[in-house]
Amino acid sequence: MTEAAVPQKPRKKKSKFVQFIPVYIMALPGLAYLVINNYMPMFGIVIAFKNLDFSKGIFGSPWAGLSNFTYLFKTEDAWIITRNTIGYNLVFIALGIVLAITVAILLNEVRNKIAARFYQSVILIPYLMSMVVVSYLCYALLSTESGFINGTLLPLFGMDPISWYAEPKYWPFILTIVNLWKSIGFSTVIYLSSIVGISKDYYEAATIDGASKWKQILHITLPLLKSTIITLAILNIGRMFYSDFGLFYQVPRNSGPLFRVTNTIDTYVYRGLMQLGDIAMSSAAGVYQSLVGFVLVIASNGIVRKLSREDALF
Amino acid sequence: MKRIVAMLLSVILLVTLLAACGSDQKNDVSTPSDTSSNAASGEDDGDSSSEPAGDEEAYNVIMTVTTIGVTPPDLQLVQEEINKIALAETNTTVELLPIAITELSQKYSLMLSSGEKLDLAMSFVGLTPVSSFVSKGQIIELDDLVAQRGQDILEAEQIAMAGGYYNGKLYGVPSEEKYGRPQGMYLRADLVQKYNIDVDSIKTYEDITAMFATIKENEPDIIPLSTVGSNATTFGSVFNPLDLLGSTIASGGLLNAGQGDTAVLNVFATPAYEEHVTWMRRWYEAGYFLPDAITTSDSSVDLGKAGRAFAGLGSVEPGQVSNLSRDWGYEMVGLELVPAYATTNTYQTTMWCIPITCENPEKTMDFLNLTYKDETVVNLLSNGIEGVHYVKTDDPMIITYPEGMDLSNTGYNMPLHTYGDKMKKYAWVPTDPAVFDQLKALNAEVAANGVSKTLGYVFNADSVKSEFTAVTNVIAEYRAALETGSVDPTTALPEFISKLESAGIDKIIEENQRQLDAWLEANG
Chain A
271 MTEAAVPQKP RKKKSKFVQF IPVYIMALPG LAYLVINNYM PMFGIVIAFK NLDFSKGIFG
331 SPWAGLSNFT YLFKTEDAWI ITRNTIGYNL VFIALGIVLA ITVAILLNEV RNKIAARFYQ
391 SVILIPYLMS MVVVSYLCYA LLSTESGFIN GTLLPLFGMD PISWYAEPKY WPFILTIVNL
451 WKSIGFSTVI YLSSIVGISK DYYEAATIDG ASKWKQILHI TLPLLKSTII TLAILNIGRM
511 FYSDFGLFYQ VPRNSGPLFR VTNTIDTYVY RGLMQLGDIA MSSAAGVYQS LVGFVLVIAS
571 NGIVRKLSRE DALF
Chain B
975 MKRIVAMLLS VILLVTLLAA CGSDQKNDVS TPSDTSSNAA SGEDDGDSSS EPAGDEEAYN
1035 VIMTVTTIGV TPPDLQLVQE EINKIALAET NTTVELLPIA ITELSQKYSL MLSSGEKLDL
1095 AMSFVGLTPV SSFVSKGQII ELDDLVAQRG QDILEAEQIA MAGGYYNGKL YGVPSEEKYG
1155 RPQGMYLRAD LVQKYNIDVD SIKTYEDITA MFATIKENEP DIIPLSTVGS NATTFGSVFN
1215 PLDLLGSTIA SGGLLNAGQG DTAVLNVFAT PAYEEHVTWM RRWYEAGYFL PDAITTSDSS
1275 VDLGKAGRAF AGLGSVEPGQ VSNLSRDWGY EMVGLELVPA YATTNTYQTT MWCIPITCEN
1335 PEKTMDFLNL TYKDETVVNL LSNGIEGVHY VKTDDPMIIT YPEGMDLSNT GYNMPLHTYG
1395 DKMKKYAWVP TDPAVFDQLK ALNAEVAANG VSKTLGYVFN ADSVKSEFTA VTNVIAEYRA
1455 ALETGSVDPT TALPEFISKL ESAGIDKIIE ENQRQLDAWL EANG
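From first to last, the protein sequence lines stand for chains A and B. For the first sequence, position 201 (counting from the first letter as 1) is numbered 471 according to the working numbering, and the numbering increases by one without interruption. For the second sequence, position 401 (counting from the first letter as 1) is numbered 1375 according to the working numbering, and the numbering increases by one without interruption.
Please note that the accuracy of each hint is not assured.
As the list claims (entries may be wrong) - Chain B regions said to be covered by chain A (calculated; three or more residues, Cβ under 8 Å):
#1 1079 to 1091
#2 1098 to 1105
#3 1142 to 1148
#4 1380 to 1393
Hint data in this document are derived by calculation from the structure and do not stem from the laboratory. Bear in mind that the values here come from a model prediction, so they are computed numbers and not experimental data. Ideal Cβ placement from N, Cα and C applies to all residues, glycine included.
Make a model of the complete structure from these sequences and hints.
What follows is the structure in structure tokens.
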């Protein structure tokens, strides 16, 4: 590669590298953090396969094969938590994309710059709130005795109070709504920044051709957002087996009768291992979640690559 | 020009990164509970203070001081006072390492896996139980150490030492001054008087129901029973004392506090349990529980303070009722339903353990023994420095704040009293001085008549970990709801029992019985 080239090439290569040195130096802290925090501890995956004995250290502890993983698969609960985790994540991803894009498009249409900024901030605020605070907000609404819904809203419609924290059937909806309310802000901002980057010329040309607003969205905005959507979707798919602990533990206020629809892998591990304090078993859960996520990311990226090469993550 | 600016900026970035690294060194013991700086400071101070002025080698003991999140500002002063005594008596010095109780488990794992020196670790039941320390190989056996160097410990704790055993070896030294606690309810004294309730005549579910009915009828804004929380329990101590065999209810238990039959039972499948939850359901439907009992964010004490509750469940030993009166802000009266009993669990609440990173267990045990022997040291740790943080009243065992000081501005507030021989600990006003003698009498009574047959036995769950985890989850799903009457037991209880069985509770109980029988045979 080097010999056949014009004598100019080596000098060009060198100057490119030199040119980027400041950038590499700036990236150094972040890279160092990534290596130290994410890559170096990877050897810890072995903890999931051992019976951890602190007096012998991680490497001296005896092997346990796959026995630390069995508790995640053995019981009826195992099926329930897996179903819940995956089910909620699928719904969250799908609805999240639809809603975030909708809101982003709408925000883009707002003429008044100041109003647009204001709406954007307001939509983003829930994302920055702690889930614990959100759980108290929900409690203020859903409390059987003193909640807003039971106390004010339902009587307005002449309906009887509902014992919200004891009826599992409402919670898939409640949790979806809470999660969307909280997380939309972030994705909306990302989509909005993409939309803003779309050249106005396309829209002008479309208006001249007589396309309606809806047609414009369908044929200009969405196709040009495709890369962003795919990127965010793949990243979310990688977290398919993870769940927001705050959402599934705090918001339902750890209420037993709701476990059937609110117990996810993370909450199950937390509740089950508090007494045993077994680090190897909880590591096993973590390995399981990340392994599945990894496979899903590779797979979905592979599919995207087949369909439209340039949109794939790698 | 641009390139120079760019270079300059990147250099500044690097320098700030390094500067951030540098500033951790200066922290000392009494800075607030940031986990990483505590680890760094623990290490640094440990190294620096383990060579005191010349002398022969005084060993520095690093001891956990469990806080609820706030490090007392005067911790360093108290440490110096303790060291005067420790150096003279045992040739050791102590370094008090404050750790918030919520971070205890992680902190220990971090410290021990990185080999950091720690001499005295705290075991809190439910948070950092001895069983989890032992199964992770984090602590050492204490049998010989206590036998040779812990005379005062043995004298102070006596039968309470049984709580520290696991797998037949001693791993923890309890700090228990009450050998057992009578269980029952505490009631609002003003309401008891108003409705002429004869507290002594109340013994059965029916009696209590009648009492609650009176309150509910006449005081519509007051909830008779203040039990709340997603982990609330009403069965197991107050109405039907259980012996949980050193573990949790997930591994089964014995009824009658282990003083009767030693066949391990699935407690939830017993007729006694069914009767209890049926009563709880009646109470819930009659409005004796808060409708939101298992989901409310209020605690039992919050309800009491707001004047919204009449009674609470709990222990009613001498001194406890006055504590509760202080918490609720109303005068309370105690109603005893179950006399004091002692099971292994009774003594597992707080224990001192020696981790594997301790460099001199003998000297550490000497220091630990000192905390049980010396009245001054006990009170330094629990109450602060005499004259500075408290002053004595006419009774030598009762203390109060000095002029101008109270809970909000004291330099040393230690809410968790887990140190040494607590019989030597001074009590705060308005405790009745008679409490000390009453406790001694109670202890003698328990030691004579209230001890479980299984005292000293602890279930080892290592071989049934998956089932234990699964069962714990099932219990978390049903127990609080059933025991506060929040769900209908006619449908929920059979569901609960069948789920427990499919999660493997029978396997756990079999294992527990096998271990228990072996232990009973060996320990007669």
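Structure-based check of all given hints:
no., hint, in the structure
1, 1079 to 1091, "holds (count 4)"
2, 1098 to 1105, "holds (count 4)"
3, 1142 to 1148, "violated (count 0)"
4, 1380 to 1393, "violated (count 0)"
Consistency note: the structure conflicts with the earlier hints numbered 3, 4.
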